Every structure is written in C-alpha cells, then in structure tokens.
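J.: So the sequence shown is numbered by our numbering: it starts at 956 and just counts up by one.
By construction, these hints were calculated from the structure, which means they are not laboratory data. Incorrect hints may appear among the rest.
To be verified - Subject to a maximum C-alpha distance of 20 Å in a straight line, what follows is the list of computed EDC-like cross-link-like pairs (lysine to aspartate or glutamate):
| # | residue 1 | residue 2 |
| --- | --- | --- |
| 1 | LYS1243 | ASP1316 |
| 2 | LYS1661 | ASP1689 |
| 3 | LYS1680 | GLU1699 |
| 4 | LYS1215 | ASP1261 |
| 5 | LYS1206 | GLU1320 |
| 6 | LYS1066 | ASP1021 |
| 7 | LYS1737 | ASP1720 |
| 8 | LYS1249 | ASP1214 |
| 9 | LYS1028 | GLU1063 |
| 10 | LYS1206 | GLU1144 |
| 11 | LYS1849 | GLU1521 |
| 12 | LYS1296 | ASP1214 |
| 13 | LYS1688 | GLU1699 |
| 14 | LYS958 | GLU1063 |
| 15 | LYS1016 | ASP1129 |
| 16 | LYS1587 | ASP1291 |
| 17 | LYS1754 | GLU1736 |
| 18 | LYS1680 | ASP1821 |
| 19 | LYS1661 | GLU1632 |
| 20 | LYS1688 | GLU1656 |
| 21 | LYS1028 | GLU1072 |
| 22 | LYS1849 | ASP1569 |
| 23 | LYS1016 | ASP988 |
| 24 | LYS1868 | GLU1837 |
| 25 | LYS1715 | GLU1878 |
| 26 | LYS1205 | GLU1144 |
| 27 | LYS1849 | ASP1577 |
| 28 | LYS1518 | ASP1536 |
| 29 | LYS1206 | ASP1178 |
| 30 | LYS1548 | ASP1569 |
| 31 | LYS1754 | ASP1720 |
| 32 | LYS958 | GLU1035 |
| 33 | LYS1016 | GLU1073 |
| 34 | LYS1345 | ASP1389 |
| 35 | LYS1296 | ASP1593 |
| 36 | LYS1497 | ASP1522 |
Note that the structure is a prediction, hence the values are computed from the model and not measured.
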Amino acid sequence: MNKIMSLDGDWQMKWDTEDSGISNRWYATNPSDTETVNVPHVWERSFDKLLMSQDCAFYFKRFTLDDDKLVAKRIFLRFERIATHATVWLNGIRLGTHFGAYTPFTIETQKAIKIGEENVLCVRVANMGASNSRIDFGRESADGADDRYAHPSEMPVGLPWNQYPFGGIFGHVDLILGSSAYIADLHVEPDMDQERVAAEITFNNPRGFQTRIRFLMRNAVGDVYEWYKEVKLDKENMTQRFAFQIKDWKKDKCVWSLDKPNLFALEVQLEIKTGKNKPPEYSFPVVKTFGFRKFDCIKGDYYLNDSILKIQGVSYNQQWSEGGLWTDKNPALKKDLQAVKDAGFNAIRSCGAPLTNEALDICDEIGLLVFQEFPIHTMRSTPQGLEIAKKLITDLVRDQHNHPSIAVWILGAENGTFMLQNGNKLLNAIGPIDMLRPAISNFDSIYLDNEGVFHKDTGKLLPVSVDHISQYASLRINPRLCPSANYSHYLAHCFDRDDEELSVPDAGLGDSVFQDEDERVDLDLNNKMLVTLKNHTLLPAKPTNLRGPRSVKNQKAIKNAYKAIEDFLATADIAAWKKFDTFCNDANNIAIKSKLDQITAFQSNPQIAGFFLDQWADYGIDFSGLNDENRKSKGFTDFAKEISTPSRILVSELEHVVTPQSEISFQLTLLNNSRLENVGIEISLLDEKGKVVSTKTQSPEEPVGKTSLTQLGICSLMAPRSVGKYQIKFTLKDGGKEVHSSTEDLIVIEQADVKSAMKKVCFLDNSEESSDALAALSGPEKIIFTANLSSWPDEILDKIVDVTKNGGKTLLLSDMTQDDVDFLNQSHQFDCTLESHWTTGANGISLHYIPDGSELLKVFGTNVLDHTAAAVMPSLSMSKLEGAKVYAQSLSIKDGEIKGGVDLQTLPFGKGKIVFNQFNIFEGLETNALADALFTAIVDIL
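Taking the hints into account, I'd like the entire structure generated from these sequences.
T.: In structure tokens form, the structure reads like this:
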C-alpha cells in the first residue's frame, strides 16, 4: 500500500470565541454542538455574518482506516493550507502545530492512529485578525513567564493575517498511507545553459531501503519520456539527486518566456514490489511543473533569458469582497490573471500575501512574471517571531521554487527597522534552497509623496550574479496630479548621481531633508531601482456593491463617500458638475492622464528599471484600482495597454500652453522592449479638425535594438501662428510600418502683456536688504507681491500691514507654503485665521476648478483645470474666509473624505485688501505662457 486517502468533505466545526476550547479539552471531549462545513473551508465565504471575536475555531473529522494486514507502515497527515496557526490532535493526542497560511505541512500519526477503529481528528485554527487574538504555541515557560501565547504584535506577519482577517482549513487534507517508504519532496532545478534538469528527491524511508524509481517527463509540446533508476537508501530519510538531459532541445520550443511560456512536467513514483509474475505497481505520483528560463538582476537591471527587460507591472492585491485570498475555489481567478496579462502587464507583485500554487500555475501557463512577496509587514518582532518568519520563508521557497513565473522573492514591504536588524538572516533563509533568483529585502526602501513625506530604509537587493548587496532597491512615490514640464523633467532625471544641477521642482515633494542638497539620496545609489506608483482615486461609475460577512463596514463607507461627493456637487458653483457622472468622468480622465505622464517620465529615466502600478483592484474606499473590488473593469483598459506597451515613444517635459510661433521643446526617449532595429519617428502637428499643420521626422543617432531604452534627446517644433487647440502626434515606425502612436494636447494663446502688468506690482521678494524692501513698499505700485511671507522680519511686516491696511494697497500673497500659513495665523498683524490642506492629489485626487462667473474663466477657457494647466496648478488650498470673494476653488477626495478649498480669494483689509493666491505663478513669470496670462489677469482683476 502506498497511496493517498482524501479527508476533504464534511467536517464538524465549533467557534471558540471565549478561547476556552483548550482548557475545556474539546480535542478529547469532541463537543456535540457543532455545525457541518465542507473542507477546504474559508470562513469569509461560508457564513453570512462574522464577528471580529470569531477568530478561532475547532474542526473535527471522523474517519476509519481499514488495514487488517498492516500494510501501511507509515501513516501521515498532510494539510495543504491552514490560516493561520494550527494545532492538531488525533484521538485526543497532540501531534503538532504549524504556523503560516501558505505552505503545506505533514505530521506523523503513528503514536495516535487506530487501525480498524474510528479515529477523531481535531484541528484548532486561529488567525491573527482581532486585537485580542492569541495563538497558543504550547511552549515551555519559565516560572512566572507569560510567553506561552503569541499576540499579533509579536509576530512579523502582514497581509492578510492582521487586516482581512482570513481563516480556515482552506486547502486539502490528506492521509498518506506509506508502505516502507514514500517520496516526501521533489525539488527540480532546470538548467537552460546545460539543457538539462536536476531532480532532488527527499525520501521518507527506513535504513537499507532499496527500490526502483520511475520518472516520466512531459515536454512543452506534449511528448512524454520515461526513465527508471535503481536506488539504495542506506540511511533514514535520505535525499538523492538525479540529472536528465533534454532530448531534441530547441530554444523556441523549450525555453519559457513571456510570449512563449513553454512548460515541462516531471512525475516521480516509487516501484512497489508485487507477487511473482505480476506487473509492478507504483506509489502515488509526485509531480512538479517547471520551465527553462533565466532571470537575473545586475546592478538593478532585470534580465529575462539574457535580455534586459523593463518591468511593467501591477500590484496584484488579493482582497475580495466575499472574503480572503483568491483560491482554486474561486473560478474567477484565472479570468482575472488573464485580464492582467491581456492588459499588457508583464509582471505582478503579490502584495504582502504570496500567491498560492494554483495562482502560480496560471501565471506559469500564461507567461506572467511574479514578484512573490512574503507576508512580513512590521517594524519589530520578538525573537520567537523572527524564528517563525525564517521558517515561513524557507517553507514557502521550498514549496514554490519550481514555478518559472516567480522572478523575485520579496521579504516584505514598509518594514525598514525590522529588515535593518534582520535582513541578512531572512535572506539566508532563502539561499540554501534557491540560489537562482534575486531577493529584495524591503520593497519600499525609499518613500516619497507630494504631501511632504519622505523616509528611507534599508532595502537590500541581492542579485544572483553580484556578490554584494545594494542598499536601495526600490522607490515608492506618490507624485502630484498634473505634473508640469519641470516636474516631469525631474522624474525623468532623478537619482542620477551625475546630474549635479537637478533641483526638486515642487515644495510638497518629500520634505526639507529630502530636498536638502546635503542629503541627496542619489549619492547612496549604486544600482537602478524599481518604482511603485500609487494610482490616484479612480471612481467607479456608481458605488460598488460588496458582498460577504466582513464587507458591511466597507459597504457603508463607500455609500457615505459617494453621498458626500453628491452633497458637495449640489452646492458647488459649477454648471459642468451638476451631474455626478460628469464629475466622475472629469476626475478619472485627469487622474489617468496624470498617471500616464508620471509613468512616461519614469520610463524615460535610465535609473529606473521598471514600474509597478498600485493597484489592480479596489479595496473598500481605496478606489485606486483599475477594477472595482468585485474584479469588474472600471473602463481603463486603454490606459493599461498604453503604459504597458512594450515599444513606444516616451514624451516628457512638454509645455502644453504656448504663444504663437514660440519654440516648443520636449524630451524624446525610445522604449524598446520589442528590440526594434529599423526605427523612425514621425512628429506631426494637427489642428482641431485633425488636419496636418506640419510634420518632421527624427531617427536615432546610434543603432537601436540591443537595449530597452534609447535617449533620443530634445526635439523642437515651431508653434502655429494662430491661437487655438492643437495636438502633437508621435508615431513610432519600424521599417516604415507603424508600431505605435500617441498624441499630446497643445493650446496656443495670445501673448499676455506681462511686462505692463509687472510694472504695476512691487515685487518685494526681489529686495536683498531690509532697506531695499522698505523703499519698495513706499513706491507708487498699488500691488505688493510676495511669495515668502514668513521670511520677512517684523519691521517689514509692520510696513506691509501699514501700506495695505491704512494706505489702501493690495497685498498679493502668492504660492503660500504651510510655513507661511502657520506664520500668518500666529502673527498679530493680520486679522484672519487660515486653514490649509494638500491639494496635489498625491494620495487620492484633487480637482481645481473655476466657478461660473469668475474672471479667470477667460484665462483657462474651461471650468475644470486639467493637464494643460499643469504649469500653474496649486499644491495647497485654503479655507474660504468670511467676506472674501472667491475666483478659484478645489475639491479633494482622500480616504473617503471630501474637502473643499479655495485657490484664489480677495479679502478686504482696512482700506486695502489681501489676495490669497495658491496658483504657481512666481517661478514661471516671463518664461511660461500660462503663468504670464494668469498673472496678468490677476493684476487686471485687482
């Protein structure tokens, strides 16, 4: 006998909400007040209602093993997956425990199994969901020590254990009936260069065991080859290694790639002796699929089969409204992963919850790379927790190493302190099993956003072909909506240690430490980086209808968020948003265009090895997914295909608003994952009706096709003579045939008389000394302009207040920072209190708009400001002041909360008035057409 007996199907279950099951010995008393469930079993999918206290349950299974001849000499229980901690008893005898929701484990039953009688299997399952959760590790405690139980804060575990929560026996349960020996594990190591595969077999065997092994190998085209090997196992539980040369090797039919994911399978069986003149029998088969491919990382560049590959990935979050991870019980899993592939992405990141073998099988089959992330998401851990984390990593790598789709192991994210202390220890948990894949110890080693946040942690990168560990491996950045030409120039050149003159273009990007030249991050970099960009809020057309027992809270939050938006729109003074669908359309178009510009700039950056877009699907009120939480598309397919196109012309640093016959310049870069060789670029200027106004061609100065990125340099065009709306069309051709095309908007406006407007203004910030400032304030100009209110001493401030409040002048406070706002509120010279908030949209979305009737409508030509207004877009908005006249406003959505703001308002101040302007105009005067036009309009209003 050498077979597997399934224990799936009906089990009995009882919740242990009071954590009393162990003390009341349920594992031995087998309580009768249970309910019938079907294993594999996921809590969130099996109950209409769940409480947070329901984070522990006992499972019971009765079975009888008939084996009168005692042929089964070795009997083991094998659990495929249990979330999260399992304690196993058989017939009241404790067999062992296991921690970790993603890996199988095997327990010997010899001391408890009954042959020919009924057996009662009991499994206590506990997750880490609730704050009062605890796991009984049954460990020996010193006198007075309270260390038998583990609490969530002790365990370095991440999603989904401490957020979903997620629990149950959600994998298969089997009874392994072994005769004298059986195959416990099979490890395959394909070698593409040597055109062979090595098989390392771990046996569960007694000493002196001798038999024959049968090998069956299926190649990518379905041919099956058979081998037999004699083995003699002198020691208990031995491991032996075998190697097989691949017959009829042809690279296009044997190598696994994104376009041709050729798969092999190796099946191994033990031969079982039978009676004389009877054909041999074989044990249950152990099967591993695998693929021949090479994935390497050299100085941050990723190589697939010896060619550089720019990563174009998406973070594949596995939340689902009906609960928990995607498993084989969810028929939508393959459809969803195929949708990722069809959208053009070449990689996914598993986002804190490693993909199951079922999901990896699909990725193997369709040709989708996986950055497999271990569930380590913490800043601290006890020594006990560290040991468990190391074992979890080792178990997961051992179980999944055969999948060719796994490109990189990620030890976790946003866990810098923990990794700084333990990164090498955890990396060493991978090494003995898998030396062929890169490993990243902290995926978000540098974090930046456009709300003044910056931090850097140790993010170690361990490439397989480099013998040192790089300090920083990845960058997570949440940039602002509508990046300007200067901003996209920064994204296209940041972290270049040779670019000494590059400056941060936005005061809200990072913080003062990041922007300090003495703290330049690029000086610490020795390798290229992966960048993760969070999507801006992408609203579904209507509230997502969530299902499942733990969706009630999220469903309520979603409905509240939509109601708040509708209530705001009802009071907003803008005709374009009288209906929610028009607002939703505007918001999503601006968000998508902004993200496209950001990714395009990063793809142009030679220091960036690729990107991950965060994320694939919504979760609750986090509307940053390309799909809603039920995995239904939100209609952004064209966007996904554009950012994942393997070869296209990347356009950055373009000013969208220009004056007639001015020079238009922009940066061109060729993204060439397809390795096109005979490349040409056609650049056409089209009028509003699509008629070609002018055309020019550009070709690379050097041969292309050997690298994935080629800088084409600065390209210049002459703006048309006539004002109006235009488009610039960029067409990539290979051998004269069109490969890809894209367009950029261009608006030509009349040249503003900015010099005359400037003569009416006292630019206080041009004063180098206090005496110069005092003299300027006594001048004839009726408007005082400053973008640095908080920098002036009291003497100057008193004079400013006097000439405004008593002299009837207008104080134009422009480009105010949070420091300026705080200073104004604390100052005794001003009789107003301002509140401010970020409106960059970096962590949500912020829309800036011109209300009906505002004099600024003639400048922008539209109510809603989009990417064409990027040059002057505010970063902070203010609260509306009582008695003020409002000319421009904003609406922000973040974490489901709605907040309105004001971008330009005038407030009476004694005989004069104060203008609070948040548009970015000071830096662009006389250099930017839109800044000139806006400044001139503001002066005319005043």
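J.: Next, verify each hint and record whether it holds.
T.: Hints versus structure:
Annotation: proposed proximity of LYS1243 to ASP1316 holds, straight-line Cα distance about 10 Å (limit 20 Å). A C-alpha spacing of about 15 Å is found between LYS1661 and ASP1689, which places the hinted pair at or below 20 Å, so the restraint holds. With a CA separation close to 11 Å, the supplied pair LYS1680 and GLU1699 stays within the 20 Å bound. A distance of roughly 16 Å separates the Cα atoms of LYS1215 and ASP1261; the hinted pair therefore holds under the 20 Å criterion.
Pair hint LYS1206 plus GLU1320 holds up; C-alpha atoms about 17 Å apart against a cutoff of 20 Å. Distance hint between LYS1066 and ASP1021 is fulfilled; the C-alpha atoms sit about 17 Å from each other, no more than 20 Å. Taken as a hint, the LYS1737 and ASP1720 pair is honoured in the structure, with Cα atoms around 16 Å apart against an allowance of 20 Å. For the suggested pair LYS1249 and ASP1214, the alpha carbons sit about 15 Å apart, so the restraint of at most 20 Å is met.
Using a Cα cut-off of 20 Å, the hinted pair LYS1028 and GLU1063 holds, with the two alpha carbons roughly 11 Å apart. For the suggested pair LYS1206 and GLU1144, the alpha carbons sit about 17 Å apart, so the restraint of at most 20 Å is met. In summary, the hint linking LYS1849 to GLU1521 is supported, as the alpha carbons are separated by about 15 Å, within the 20 Å threshold. For the given pair, LYS1296 sits about 11 Å from ASP1214 by alpha-carbon distance, which is consistent with the 20 Å threshold.
Annotation: proposed proximity of LYS1688 to GLU1699 holds, straight-line Cα distance about 18 Å (limit 20 Å). Distance hint between LYS958 and GLU1063 is fulfilled; the C-alpha atoms sit about 15 Å from each other, no more than 20 Å. With a C-alpha separation of about 12 Å, the suggested pair LYS1016 and ASP1129 falls inside the 20 Å cut-off, and the hint holds. Proximity of LYS1587 to ASP1291 is assessed by CA-CA distance (about 9 Å); at most 20 Å being required, the pair is judged to hold.
Straight-line distance between C-alpha atoms of LYS1754 and GLU1736 comes to about 14 Å, which keeps the hinted pair within the 20 Å bound. The straight-line distance between the Cα atoms of LYS1680 and ASP1821 is roughly 14 Å, inside the 20 Å bound, and the hint therefore holds. Proximity of LYS1661 to GLU1632 is assessed by CA-CA distance (about 8 Å); at most 20 Å being required, the pair is judged to hold. For the hint linking LYS1688 to GLU1656, the alpha-carbon distance of about 15 Å falls within 20 Å, and the restraint holds.
For a cut-off of 20 Å, the pair hint linking LYS1028 to GLU1072 stands: about 16 Å separates their Cα positions. Taking the CA atoms of LYS1849 and ASP1569, the gap is near 16 Å; set against the 20 Å cutoff, the hint holds. This hinted pair checks out: LYS1016 and ASP988 have alpha carbons roughly 14 Å apart, not beyond 20 Å. About 13 Å separates the Cα atoms of LYS1868 and GLU1837, which keeps this hinted pair within 20 Å; it holds.
Between LYS1715 and GLU1878 the alpha-carbon distance is near 18 Å, which keeps this suggested pair within the 20 Å criterion. In summary, the hint linking LYS1205 to GLU1144 is supported, as the alpha carbons are separated by about 19 Å, within the 20 Å threshold. The hinted pair formed by LYS1849 and ASP1577 meets the criterion: a straight-line CA distance of about 9 Å does not exceed 20 Å. Of the pairs offered as hints, the one joining LYS1518 and ASP1536 holds, with about 13 Å between alpha carbons and a cut-off of 20 Å not exceeded.
Note on LYS1206 and ASP1178: the hinted pairing holds, with a Cα-Cα distance of about 16 Å set against a maximum of 20 Å. A hinted pair counts as satisfied when its Cα atoms are at most 20 Å apart, and LYS1548 with ASP1569 qualifies at roughly 16 Å. Using a Cα cut-off of 20 Å, the hinted pair LYS1754 and ASP1720 holds, with the two alpha carbons roughly 15 Å apart. Restraint check for LYS958 and GLU1035: satisfied, since their Cα atoms lie roughly 16 Å apart, inside the 20 Å limit.
The suggested pairing of LYS1016 with GLU1073 holds, with an alpha-carbon distance near 10 Å, which does not exceed 20 Å. This hinted pair checks out: LYS1345 and ASP1389 have alpha carbons roughly 14 Å apart, not beyond 20 Å. Between LYS1296 and ASP1593, the direct Cα distance comes to roughly 14 Å. Compliance with the 20 Å bound is thereby established for this hinted pair. About 15 Å separates the Cα atoms of LYS1497 and ASP1522, which keeps this hinted pair within 20 Å; it holds.
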